[in-house]
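Which chain is which? The protein sequence lines are A and B, in order. First residue of the first sequence? That's 2 in our numbering, and the numbers climb one at a time after it. First residue of the second sequence? That's 2 in our numbering, and the numbers climb one at a time after it.
Worth flagging that the hints you see were computed from the coordinates, not collected in a lab.
You can't tell identical chains apart in this list, so a pair holds if it fits in one copy or across any two.
Cross-link-like lysine-lysine pairs, in silico, DSBU-like; alpha carbons within 35 angstroms at most: (1) K100 - K294; (2) K158 - K137; (3) K227 - K258; (4) K312 - K100; (5) K257 - K232.
Now for the letters of each chain:
Protein chains: 2
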Amino acid sequence: MAGIKDVAKKAQVGVGTVSRMINDSGYVSEETRKKIEIAMKELNYTPNELARNLYHKRTGIIAVLVPNITSPFFAEFVNHVEAELYKYGYKMMLCNTEKENNAEAEYLDMLNRHIVDGIITGVHSLNVETYEKINKPIVALDRYLGEDIPVVTANHKEGGRLAAELLVKNGCRNVLHFTGSTEISSPYLERHFEFERVMRNHGINVFTYQLRLNRFDVEYYREAAKDAFSKSADYDGIFAVDELAVECMNEVIRSKKRVPEDIKIVAYDGTFIADMTEPRLTVIAQPIDSLAKESVRLLRDLMNGKSFKNKQIILDVQIRSGGTTFNS
Amino acid sequence: MAGIKDVAKKAQVGVGTVSRMINDSGYVSEETRKKIEIAMKELNYTPNELARNLYHKRTGIIAVLVPNITSPFFAEFVNHVEAELYKYGYKMMLCNTEKENNAEAEYLDMLNRHIVDGIITGVHSLNVETYEKINKPIVALDRYLGEDIPVVTANHKEGGRLAAELLVKNGCRNVLHFTGSTEISSPYLERHFEFERVMRNHGINVFTYQLRLNRFDVEYYREAAKDAFSKSADYDGIFAVDELAVECMNEVIRSKKRVPEDIKIVAYDGTFIADMTEPRLTVIAQPIDSLAKESVRLLRDLMNGKSFKNKQIILDVQIRSGGTTFNS
Numbered sequence: 002m003a004g005i006k007d008v009a010k011k012a013q014v015g016v017g018t019v020s021r022m023i024n025d026s027g028y029v030s031e032e033t034r035k036k037i038e039i040a041m042k043e044l045n046y047t048p049n050e051l052a053r054n055l056y057h058k059r060t061g062i063i064a065v066l067v068p069n070i071t072s073p074f075f076a077e078f079v080n081h082v083e084a085e086l087y088k089y090g091y092k093m094m095l096c097n098t099e100k101e102n103n104a105e106a107e108y109l110d111m112l113n114r115h116i117v118d119g120i121i122t123g124v125h126s127l128n129v130e131t132y133e134k135i136n137k138p139i140v141a142l143d144r145y146l147g148e149d150i151p152v153v154t155a156n157h158k159e160g161g162r163l164a165a166e167l168l169v170k171n172g173c174r175n176v177l178h179f180t181g182s183t184e185i186s187s188p189y190l191e192r193h194f195e196f197e198r199v200m201r202n203h204g205i206n207v208f209t210y211q212l213r214l215n216r217f218d219v220e221y222y223r224e225a226a227k228d229a230f231s232k233s234a235d236y237d238g239i240f241a242v243d244e245l246a247v248e249c250m251n252e253v254i255r256s257k258k259r260v261p262e263d264i265k266i267v268a269y270d271g272t273f274i275a276d277m278t279e280p281r282l283t284v285i286a287q288p289i290d291s292l293a294k295e296s297v298r299l300l301r302d303l304m305n306g307k308s309f310k311n312k313q314i315i316l317d318v319q320i321r322s323g324g325t326t327f328n329s
Numbered sequence: 002m003a004g005i006k007d008v009a010k011k012a013q014v015g016v017g018t019v020s021r022m023i024n025d026s027g028y029v030s031e032e033t034r035k036k037i038e039i040a041m042k043e044l045n046y047t048p049n050e051l052a053r054n055l056y057h058k059r060t061g062i063i064a065v066l067v068p069n070i071t072s073p074f075f076a077e078f079v080n081h082v083e084a085e086l087y088k089y090g091y092k093m094m095l096c097n098t099e100k101e102n103n104a105e106a107e108y109l110d111m112l113n114r115h116i117v118d119g120i121i122t123g124v125h126s127l128n129v130e131t132y133e134k135i136n137k138p139i140v141a142l143d144r145y146l147g148e149d150i151p152v153v154t155a156n157h158k159e160g161g162r163l164a165a166e167l168l169v170k171n172g173c174r175n176v177l178h179f180t181g182s183t184e185i186s187s188p189y190l191e192r193h194f195e196f197e198r199v200m201r202n203h204g205i206n207v208f209t210y211q212l213r214l215n216r217f218d219v220e221y222y223r224e225a226a227k228d229a230f231s232k233s234a235d236y237d238g239i240f241a242v243d244e245l246a247v248e249c250m251n252e253v254i255r256s257k258k259r260v261p262e263d264i265k266i267v268a269y270d271g272t273f274i275a276d277m278t279e280p281r282l283t284v285i286a287q288p289i290d291s292l293a294k295e296s297v298r299l300l301r302d303l304m305n306g307k308s309f310k311n312k313q314i315i316l317d318v319q320i321r322s323g324g325t326t327f328n329s
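Just chain A, same shape as in the assembly (with noise of 0.2 angstroms):
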C-alpha cells in the first residue's frame, strides 16, 4: 500500500509537504495541492484516518447512552440525533446501558482516552459527583448531572398538569396514574408531582403505582397493567407512558369496557406507537426531534469550547387528541 513517502516521491515534493495539506496544518500552494492530488489518486492512496485524528486529538465519533434501543421513545430519540449528527459530520457510537452495570463508567473513560469526543446521555446510575470529575462535552436528556453539564428536556411539569386537566374535563372521578421511580432525580418525574397535585385540587382520587426503575419491556408493562387493574375496578381514567397506556387499553378491552365512554386515557411520550392503536391514544407528546436537535446543539458548543452554568433546556409538550378521550 501506498504511504505519505510515496505520494511526496511522485509529486516531486516534500514528505511536510504533503503532511500539511492532509492535515490541514499549514499553507500549502494550489498548484502544489493540485500536484499531491494527482499522485494521491494515482496511488491509490488514501490517508489514514486514525494518524489524522491523532493529529486533531478529535475522532468525530460522538457516543449516545440509553438505557434500551427498543424503547420508541429511545428509538426515536437516538434517529433524531443520529441524523442531526450526521448532518455536521459526527458519526453515532450507540450503547445500550441496561445490559451492563459498568458501560457508562465505561464510555466516561473512552471520553477521557479521546475515542470519543462527546456523550450525549439518557441514562444515570453513576453519581453526580463521578460526572463534576469529567471536564469534557457530555449533555444529558433528562438527568441533572451537575452544574456543568447541560440538560435537554420537555416541560414534564406542563405535560402532568395538560394530563390532568384533560381528565378532569372528561369527568374522571378515580384515576390510574402510573409514575416512574423516584428513585433517581430526573426532570421527568416533575409530571407525576404536578398531576397528583392538579388531582388532589379537584378533589379527585389517584391510584398511584410505581413502577420499576429501568424496565421498558412490553412483558413488565403488561404485568403492571393486569396487577394495577386487579387492585381496583373503578377506574374511569388512566395516565400512563405509551406502550403501558396500550397495554391498559388492552386490559380494559379484555374486561368488555369500553374506551372512551367507560374509562379514559392520556398517554405520554407520543411515540410511533400511541398512533398504532384503535381508536389512537389522546397523549401529551414529547418533541422528541427537537430534544435531540438541541441535544446536538449544545454538545457541538461544548466541543467547541463553550461552557455552562446550570444550563437547562425546556421544551414544550402538547396536546395530540385521540380517541381515547372526548373534548380536549
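Dock chain B against the given chain A, drawing on the hints supplied.
Here is chain B on its own, set in the frame of chain A:
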C-alpha cells in the same frame, strides 16, 4: 498532561520500554511493568487510545447499518448486536441509512480508512460490484452482496410455508398478502414466493399488495392497510409484517368485524409489537437474537483473517400462537 516521556522518566526506564508495554509489542519484565504502572498512576497518565489503535491498526469499532432504527425489527436486531459486540470488547457505531442516499458508501469508505474494523449491514442500495471491490470484514443481514460477503438470514421460505398452511388450516379462502418490494434481491422475499405457491396449490385466492421500498413507518402502514381494505371487503385471512398486521387489525375493528372469527391474521417477524395487541398476534417469529449473534460471530471470524465463499447461515423460524388464528 503527562506524556509517555514523563512516565519513562519517573519510572527510570526508556521511552521505548514504556511504548512496548502500552502497545503490548515486545518483552517487558514483570518488575519493570510494575514500575511503569506505578509511574502512570502517580502521573495520572492514560495511554492515548488513538495512538494505540494506530499501532494495532484496529479501532474496536463495528459499524451497523440499518434503514431505520425505529422499526421494531431493526431495533431488536441492533439491541442484540450491540450487546453481543460489547461482550467481545467492541463498540457499535450505528447508522440509519434511510435519511441519506450516500451514507452506505461513506461507511464503506470508513472501513477502508480504518475508522471501523468491520460492518454488519441490513441495507443495500449500492450495487454488488461496489462490495466486490472491498476486501474487508462485512456481514450482510438478509442481503446478497457478492460471494465474499457472508449472509445471515432466517429460513424465510419455511416461514412463508408455515404462514400459508396456518391460514389454510383456519379455512381461509380469500387472503390478503402484503409483499416487500421486489426491487432488491433479498432472501426474505422467498417467504412471499413460497406463501403464494402453497396458496395456489390449495386453490386459495390471494390478493397481493406490494409495499413500497424502504418505508417502515406507521403512517405508511396505516395508509397501506386502508388502501388494501378499500379494494375488497372479502378478505378472511391476512399475512403481513407485525406493524402492518396491527394496522390491519385496526381496520378490521373499524369495519366491525371480528378477529379471528371473521378474519384471521398471521404476522411476520415476532417483535414486541406483536405482543401489544388484544388478542396477541399469531406470528411467524424470526430468531432475532440468533440473527444478531451469528452476524457478530461471522464478523469476528472475518476480522480474525478467515474468509468465506458463498457462505449463508439460515436460521429456523417458528410459529408463536396468539389469538388472531384458531388451531395452529
